[in-house]
Amino acid sequence: MQSVQISDDVAFLLRELTEREHISSANLIAQLVKSYKNETTKRDKLKEFFKPYRKNMSGFTSSEASP
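Numbering-wise (this note's numbering), the sequence shown opens with residue 1 and increments by one.
What the hints contain is simulated information worked out from the structure, not anything from laboratory work. None of the values given here were measured: they were computed from a predicted structure. Glycine residues also receive a C-beta, built at the ideal position from the N, C-alpha and C atoms. Keep in mind that a hint or two might mislead.
What the hints assert, rightly or not - Simulated DEER-style distance windows between Cβ atoms:
no., residue 1, residue 2, range
1, T41, T18, 38 to 48 angstroms
2, Y53, D8, 24 to 34 angstroms
3, K45, S3, 38 to 48 angstroms
4, Y53, H22, 40 to 50 angstroms
5, H22, K55, 42 to 52 angstroms
6, Y36, R15, 15 to 25 angstroms
7, Y53, I23, 35 to 45 angstroms
8, S35, R15, 13 to 23 angstroms
9, Y53, I6, 33 to 43 angstroms
10, E19, P52, 45 to 55 angstroms
11, E39, V10, 32 to 42 angstroms
12, R43, Q2, 13 to 23 angstroms
13, P52, Q31, 30 to 40 angstroms
14, Y36, E16, 17 to 27 angstroms
Let's have the full structure, built from the sequences with the hints guiding it.
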């Protein structure tokens, strides 16, 4: 199991959300972790999909972009 430290403000907001949604804090955090993993997976799939279309921009500098 992983441990995470959060600020007092975040803890307060999580508590408010659990009360409003009538859900336990453990279930809320589990849902947040699941949503985060899903978003990360989607992002990684998009990155992989667009990988062949990327251009090599290693030589590009901001001064070259100026007219």
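The hints, checked one at a time:
1. T41 to T18: 38 to 48 angstroms: Hint violated: Cβ distance 26 angstroms, outside 38 to 48 angstroms.
2. Y53 to D8: 24 to 34 angstroms: violated, 44 angstroms
3. K45 to S3: 38 to 48 angstroms: violated, 29 angstroms
4. Y53 to H22: 40 to 50 angstroms: holds, 46 angstroms
5. H22 to K55: 42 to 52 angstroms: holds, 50 angstroms
6. Y36 to R15: 15 to 25 angstroms: holds, 20 angstroms
7. Y53 to I23: 35 to 45 angstroms: About 41 angstroms separates the Cβ atoms of Y53 and I23, which means 35 to 45 angstroms holds.
8. S35 to R15: 13 to 23 angstroms: Distance hint for S35, R15 holds at roughly 19 angstroms.
9. Y53 to I6: 33 to 43 angstroms: For I6 against Y53, whose Cβ atoms are near 38 angstroms apart, the range 33 to 43 angstroms holds.
10. E19 to P52: 45 to 55 angstroms: Since E19 and P52 have Cβ atoms about 48 angstroms apart, the given range 45 to 55 angstroms holds.
11. E39 to V10: 32 to 42 angstroms: violated, 18 angstroms
12. R43 to Q2: 13 to 23 angstroms: Check passed, 20 angstroms falls within 13 to 23 angstroms.
13. P52 to Q31: 30 to 40 angstroms: Taking Cβ atoms as reference, P52 and Q31 lie about 35 angstroms apart, which means the hint holds.
14. Y36 to E16: 17 to 27 angstroms: holds, 20 angstroms
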